[in-house]
Each structure stands twice: as C-alpha cells, then as structure tokens.
Amino acid sequence: MSQSRSKENVSWDQIWSKLQPLAGELEVMRQDQLQKLRDFAKKISLTVLVISAIGMLMLISDDLQVFGMVVIAASMVIGCLVYHFSRGGHKSDFVLRYKSQLMRGLVKSLEPQMDYHPTAGISRSEYNSYGLYKTRPDRYHSEDLFIGSIGGTELKFAEVHAEVKRTRRDSQGRTSTYWVTIFKGVILQADFHKEFYSWTTVMPDVAEKSFGWFGRKFQSLGGNLVRLECPEFERDFVVRSGDQIEARYILTPDMQERLLKLHRRFGAQSRFVFSGSKLMMSLPVSGNLFEPKYDSAANCQNQLKRITHEMQGLFSIVESLNLNTRIWSKQ
Amino acid sequence: MDSLMIVGGIIVAALIMLAGMYNSHINRRNQVDLAFAAVDVQLKKRWDLVPNLVDTVKAYAAHEKETLTAVVAARTEAMRADSDSQQRFNSEREIARLVPSLMAISESYPELKANGQFLNLQRTLTEIEAQISAARRTYNSSIMEYNNGVQMFPSNIVAGAFGFQARQALEIPHSERQVRNVSI
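Listed in order, the protein sequences are those of chains S and V. Once you know that position 27 of the first sequence is 57 in my numbering, the rest is easy, because the numbers rise by one and skip nothing. Once you know that position 38 of the second sequence is 81 in my numbering, the rest is easy, because the numbers rise by one and skip nothing.
Treat the hints with care, since some could be wrong.
Per the computed footprint, the stretches of chain S lying under chain V, defined by three or more beta-carbons under 8 Å from a beta-carbon of chain V, are [what the hints assert, rightly or not]:
no., segment
1, 59 to 68
2, 353 to 360
Examples of chain S residues lying across from chain V (beta carbon under 8 Å, computed) [unchecked claim]:
no., residue
3, R257
4, E259
5, R278
6, Y279
Derived by calculation from the structure, the hints in this document are not laboratory data. Backbone N, C-alpha and C fix where the C-beta goes; we use that ideal spot for every residue, glycine too.
Based on the provided sequences and hints, a complete structural model is requested.
In structure tokens, the structure reads:
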C-alpha cells in the first residue's frame, strides 16, 4: 500500500495548523533580529555622522581638503558595508532556521518518507556521473537536498548551479575571465520502475528543429540513434541508447507522452538519462527555489504556500511518470 | 590524358558509391534479421512460461479446460512452425490472446489470485509482454530503415539490381498502440 499522502488528502489547513506555532516562534526571532539591526543601524549612522563631521571640518583647511573628502566617503562606505554584512549574517541565520525547522516540518507533512537537508546537495561527482551535461563544471554549488521515497519510488533532488570558466582576449591582448552557466535548476534522480542494464539519453532536439531533414541526417552521424514512433516526441527530443530494444522497453508510447508533458511544464529544456535502472533528469529553473524572504513575515501563509507549491511540483513527478506502478519484474 | 583521368576518376567514384550503397543495404538487412531474432527470443521466453501457468491455473480451476487446452495447443503449434511462417505468426497471436484470458480467470478464483507462484508468473508475463512489445517496435523501426533504403532514390537502383526487396512490418496489437490520456 502506498504511503504517499497526496495533496488531496492533506489540506492546507491541516498543514498550517501543525506548522503555525513554529512559524510564530520564527517570526518572533525575526522581529528580534530586525530590532537589533535597527539599533545597530542607528549606532552606525551616528558613528558615520561623527566621522563625516570631522571630515567636513577638514574641508575647511586647504591642506586637508582631499583627506577630508576621503574620510567622509570612507566612513559612508565602511558604514554601509558593516551594516550589510551584519544584516547578511542575521538573514543567513534566519533562513537556515526557517529551512531546517519550518520547511523540514512541511516536507514531513506532505511526504512522510521524504527528508529535507537545506545545506546538503547533489555532489559534483554524482552530477558528473549522471551524464546529463558533457561539460564538466569549474564552479559548482548545490543545496536544498530532498531525499527519501514516495510510495515505492526512491527519490532524490536538489538545486544545482554548475558553471564553466572561460577566458577572452581583447584587442590589446589582455585576458579576462568570465563564467558561463552550464545548468541552473533542479537535478533529480529517481528509481525507475523497470530493470534495465544499458543506457538511454533523451536530450532536447536542436538539429531537427532547426534544419529539418538535414538535421535528422546529421543526428544519425552521432551514432546509437533511436527513432521512436511518436512524432511530437521525435520533434522535441533526440534519443540515443546502447541498446535499441531496451530504449523502447523504457520509452513506451505512454512514457513518451508523460516525458513530453513534463518537459513542456519546465520550459522545454529538460534532459533525461536512463542508466542503472534509474532515471536522472535536469529541470532548468531561472530563479532560486525554496527560499524564504527575510523581508516577509515568517508566519506569512502565502510565502509558505509558494514553497509548498514548489515542493509539490517536484514530488508530483513520481506520479506524473507513473513510477509507482510496479507490475513488471522490478519491485 | 586529362580527360582519361577525369573519366577514370568518375568511374572510381561511382564504384565507391555503388559499393557504399550495397553495403548499406546489407547492413540494414542484417539489422532487420537481428531484430527479428530478438523478437523470437522473447516469444520463446513466453512459451517457457506457458506450462507453469497452465499447471498453476489447473490446480485451482481445473474445469477451465477449454482455455487451458487451447493455450497448450497454440504453444505446440508455434514451437513446430518455421520461425517466419504464417502458421507461427497465427500461433503466436493465439497465445497472445489466450494467456491474458488465463490471467483473467484468477478474478473468479480468489485463492488462485492470492497464490504466490501465480503472482510471480503474472509479473514475469507482464515483463515478457513488455519486452516483446519493445522487440517488435525495434524490428519495425529496422524494417522502416531497410525499406527506405530499398524504395528511395538513388539507392533503390542498387536494391533492384541486387534483388533487395521491401519487407513487411510486424503488426502491433491495438492494446500496445494505445496511449492513455495522461493528466499531470
């Protein structure tokens, strides 16, 4: 019997009644922090005013004019920086508590078999091993790890930002470094409901979409190409596999339809890799998911509803792809 | 001299192209044969399932004699027939029709439905049917590639000259062609 609680069974009121006391405590903490920040801001402002006043006095003297301007400017800049870092420290502390306590409680309410670790993520080596992107990142960050199971399906996903370093040379021969994003969004790994031994990749189709028949011919040069029956799926994806039969065993017409709908839900740039009886997918997202706003009240229901919606959107992938149907040899 | 070299070059290029097209036909035909063999392997796995299935069902539903006898007969016919003959095709179709009926019998026999061996056979059968479907689809895809080579210009000229002929795809059962409406 499935242990997954669907959103129909767990109402928002039930979730909120469980989490409200905790949200209230966090809001008290946030208000305390804001009050401390306001007091600190007053002290900083006073200090900056005093130093600026000294600087202004220096402006009277011709010899000290430049020094006076530097003193005024430096005091303002340093004052802003000190306040900024102080606020940043309080904000990080608040966000960590919000995530570790409130959001973890939220995850347990939605899916009791799932757990949430705000500071953990998918490791760089795992990301590389999934084979979703050929380019190895030079800079990699992952956070907001969700791990556990939904029904009989083991699931793991996290936010990932992978970048590669590039250098460019200008006309004077000077080189500069810049960063290019390989991927930003959610990387997900799920236990697939069928056993298979080879690999199959499903990548967005650029060649056929851009160049039609010529693009199709060009694709076949890459080798291991699998041509499937669903025309819409063929138009959106290019499929390659180490085993033609296994690719079709995995990508039934039904699964093709489901992947297509999921792909379009996430802006038509997602990628899927089937390997080792597991499904890995990349779901590009431009913004930052699962982030509470420091400027919003901790007990603001709308904020928590937004985060709930983000979580449920990803939990529902198991149902969308029918991964809990285990009627084949794999249980 | 120059014109001789040009003509020679054209002839060599034409021969290379001819050889390339011929080899492509051979490659595609071999792909078709390989894919057919893969379908055959899965169909034989299904044959192996039939005796266990019949024995298990018989233990609980002995008076479903008609269906039990029919599926055994279809299996025997299929095993005797040549792999690419019409008789083989008909027998496999009969097995594909009868085996699900045997499974459906369990709905009327709760003890059979709860039997561990039967449940295991049910899973194995579902697995094999999925593999048969995948192997058929692969075969049909390779047939399409082969037929394209035989029928499309200019490779059809080489195909005609060397006796390559279009082949027929396997019929996919209606149930396997269905795509359920999915709401996400």
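Quick check: which numbered hints come out false for this structure? 1
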